[in-house]
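J.: Construct the entire structure; sequences and hints are all you get.
Protein chains: 2
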Amino acid sequence: MRRMSNGEILARLRTIVGDAHVISDATTATYATDWRKRYFGRPVAVVKPANTAEVAAVLKLCIETRTTIVPQGGNTGLCGGATPDPSGRQLMVNLSRMNRIRAIDAVNNAMTVEAGCVLATLQQAADQAKRLFPLRLAAEGSCQIGGNLSTNAGGVQVLRYGNTRDLVLGLEVVLPNGSVWDGLRGLRKDNTGYDLKHLFIGAEGTLGIITAAVLKLFPKPCAQATAVVALDTPRAALRLLEHLQSRCGDRLTAFELFSAICVELVHKHFDVAAPFSTAYPQYALIELSDTQPGGGVNTLLESVLEAALESGIALDAVVATSGTQAKQLWQLREHISEAQAAEGPNIKHDIALPISRIGDFIERTDAKLAGAFKGVRMVTFGHLGDGNLHYNVAHPEGGDPAVFIARTAEVNRAVHDSVTEFGGSISAEHGIGQYKRDELLRYKAPVEMELMRTVKRALDPLGIMNPGKVLGKLDS
Amino acid sequence: MRRMSNGEILARLRTIVGDAHVISDATTATYATDWRKRYFGRPVAVVKPANTAEVAAVLKLCIETRTTIVPQGGNTGLCGGATPDPSGRQLMVNLSRMNRIRAIDAVNNAMTVEAGCVLATLQQAADQAKRLFPLRLAAEGSCQIGGNLSTNAGGVQVLRYGNTRDLVLGLEVVLPNGSVWDGLRGLRKDNTGYDLKHLFIGAEGTLGIITAAVLKLFPKPCAQATAVVALDTPRAALRLLEHLQSRCGDRLTAFELFSAICVELVHKHFDVAAPFSTAYPQYALIELSDTQPGGGVNTLLESVLEAALESGIALDAVVATSGTQAKQLWQLREHISEAQAAEGPNIKHDIALPISRIGDFIERTDAKLAGAFKGVRMVTFGHLGDGNLHYNVAHPEGGDPAVFIARTAEVNRAVHDSVTEFGGSISAEHGIGQYKRDELLRYKAPVEMELMRTVKRALDPLGIMNPGKVLGKLDS
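Those protein sequences? They're chains A and B, same order as listed.
So the first sequence is numbered by this note's numbering: it starts at 2 and just counts up by one.
So the second sequence is numbered by this note's numbering: it starts at 2 and just counts up by one.
Derived from the structure by calculation, the hints contain no laboratory data.
Warning: the hint list may mix true and false statements.
Unchecked claim - Derived coverage of chain B by chain A (criterion: at least 3 residues anywhere in the stretch with Cβ under 8 Å from a Cβ of chain A; other residues may be distant): (1) 349 to 361; (2) 438 to 446.
Claimed, not checked - Looking from chain B toward chain A, a few residues come up when the C-beta cut is under 8 Å (computed): (3) 105; (4) 166; (5) 180; (6) 181; (7) 184; (8) 196; (9) 197; (10) 291; (11) 300; (12) 303; (13) 432; (14) 460; (15) 461; (16) 471.
Being a predicted model, the structure only gives us computed values, none of them experimental.
Using N, Cα and C, we set each Cβ at its ideal position, and we do this for glycine too.
T.: In structure tokens:
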């Protein structure tokens, strides 16, 4: 190890990536502030390498000088995983310049892409190759695939296509010792030793820097059917889900649940058409997709929903008769987050549960919160098909939001205790970062925490990669 | 560490699992011989624990006495991964008594099972719950799920449902330090730290003993369509595959390729009906499945194959008109391995390639082998949809098999060099064990080997778990 001044480190970085790609002025603040504006870091610099070799050279310099690294993609994460600490000593490695699609192999249903590619760009590239890259989420216009991989992003098509982890065939990673692991294989089967890619996916940059990936492509569906169904309870939604899965199989690409209050908030803050003339307690948005053209998938959805209405599982249903109407139905679901924000701050929980237990969980936890925090409003919605709820708690109507937000720790405790009782996860799709680090320590079994620390210590003995994220201090 | 005599170790094992479940007589030879009868080990004993706590107690004893462990399931592996060395010092831990299905949660599409459950039992249990557990392979009547998990088994439905790895939601593992990691979560989304389950899946028992798992269940298809298509070349098969994927999407559950010689051998050694009145160079067996009852899937397959015949991709096609006929078509494919065995020994390669490169690979490698080994017969078949070929080389007709088999190393070199040139894998679905350990060392990049050794050393610093398998010596 060589002690170096910040000035010396910057000079060395400039020789690696070029003067223009080392940022150390006041504009670093944009990079060092997270998307939700909860965390405000201060890095020694933001460096933007152009290729894998430059990333490796930067890493070697960091090893030499014991400079810790915070990798960053599109900076759309919700847990502060890509934000440095305020020490002024951490180096941010921003991957945005590594944005080439290296190859598309349509016959192999695979594309090789660099970490800095924006997700929407990849969706379009797949589309042009007459394929589908199915990762779809709110930030797709600016998030980068390297960040999606590092956080194992979820989104609205997990039900059918899985999480980001499930969309990967191979990876290229710059390791914490500065070497490059070329695991860019485009293979569906490969049992030659440990599956290392899954270690780096979802590790939030704590085990290395993902620089490229081979992603799976899928046949492109050419027919879609969309419906909103009115329901009495989340339990009825579970029965509808089971009914749809048994009849429609893989055609079912979305099953989103949202409650009456979500729809009320959307109507209060946005001009979105109401699906029914009357309000119902719960709603499900359903989408079927098929590679078979024509109206088959619409006929199927209609017949399945008719059966659900007859058997009393569903209270009412509307099937979109055009693409425009389908979009309108989706707007109901897609505007919930913004409508909530317009209504004021709320305490969010990104949780997952065994799907079969969601009805009990909501009932029991709603009652617990109603008892402990008088008048709170439950803005519950989410990807029911994956067991993923955005279980958000808003202040009582007419009450002071600030007073309620001050009780965040208490609310989190009540919700996460309940999640744990029901065998669930306190972070379904947004990861841990710095935001949920202490919660992880509280709820994860010591054996599992220690296993994760063992892996971290082995791969990154110097603690160069994104220290303090996910696992927190290694000696805790 | 305490040095203990074998007698002392056996006595301690008996107190853990009971006298009846420690085998140290001559019958250990059955356990210590692999399925292909290539490896003949000699263990200090075979121990059969009844539950996870007993496995953990056995492991702690092994740590105390520095006894190394070879875990074993149904002993159907093809690479000697579950066979001990001949030292008389290794302990075999056979999981067959841990064969309970702990829970089936149909609404959550999940079942929790112990490692010693036989695969066919799990298929039936899923079926009774009106679900599908899609792992399907030749040894399903005797292989155990713990072995399937440890080798990340493949089989005939990978195209649609993925490898064993993709069918897992959670794991329970006894770690090399004797502690139990309870990762038995039944969640579709969980981003709370590193995904540890993928480390143990496919690690062939070198990182711990998998004792239980939460497995995914799927909607049960109720309609199937099966066809055999005659083709000119593997390249034509690729075009047909692409055509089927774009039209049929997820309905395509099998796409198996086999050459004329495979069919000749089947007809020579078995009484199986010929699909066509004339012979063709290549054949594809295709299966579509659907959750929609009725003949829709048959109509679809017929129309898609009609288009393939018209455009000249396919030379001829027969679609099964009954379940019996479908079974007959499958027999053509299923009897290839046995027909080959009846014809005499051959040199097998379980390889995977980027699907798009299979045509070039076969052409180039066939030519290379024909040049170097006059008159050899290429018995090539496999799961084309996954890029997985069983690329087997048989002795020249009329020649002496023994003379040819003596050249195995040369043949392997030619084939595996070619696989590597084409970006493929030298072990698609059978793993490494001891059989391919040296090949792995030859073909895997040093960075990746070292990364695997780093993980192994970190999790198993004493080298207790299945030493010598997969990675070979750790200091190599």
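J.: If a hint holds in the structure, say so; if it does not, say that too.
T.: Cross-check of the supplied hints:
1. 349 to 361: holds (count 6)
2. 438 to 446: holds (count 4)
3. 105: 11 Å, violated
4. 166: 7 Å, holds
5. 180: Since chain A brings a Cβ to about 5 Å from residue 180 of chain B, closer than 8 Å, the hint holds.
6. 181: 7 Å, holds
7. 184: 7 Å, holds
8. 196: 5 Å, holds
9. 197: 6 Å, holds
10. 291: Holds: closest Cβ of chain A sits about 7 Å from residue 291 of chain B, inside 8 Å.
11. 300: This hint is violated: residue 300 of chain B lies away from chain A, its Cβ roughly 11 Å from the closest one there, beyond 8 Å.
12. 303: 14 Å, violated
13. 432: Holds - the Cβ of residue 432 of chain B comes within 8 Å of chain A, reaching about 5 Å at its closest.
14. 460: 6 Å, holds
15. 461: 10 Å, violated
16. 471: With a minimum Cβ separation of about 6 Å from chain A (threshold 8 Å), the hint on residue 471 of chain B holds.
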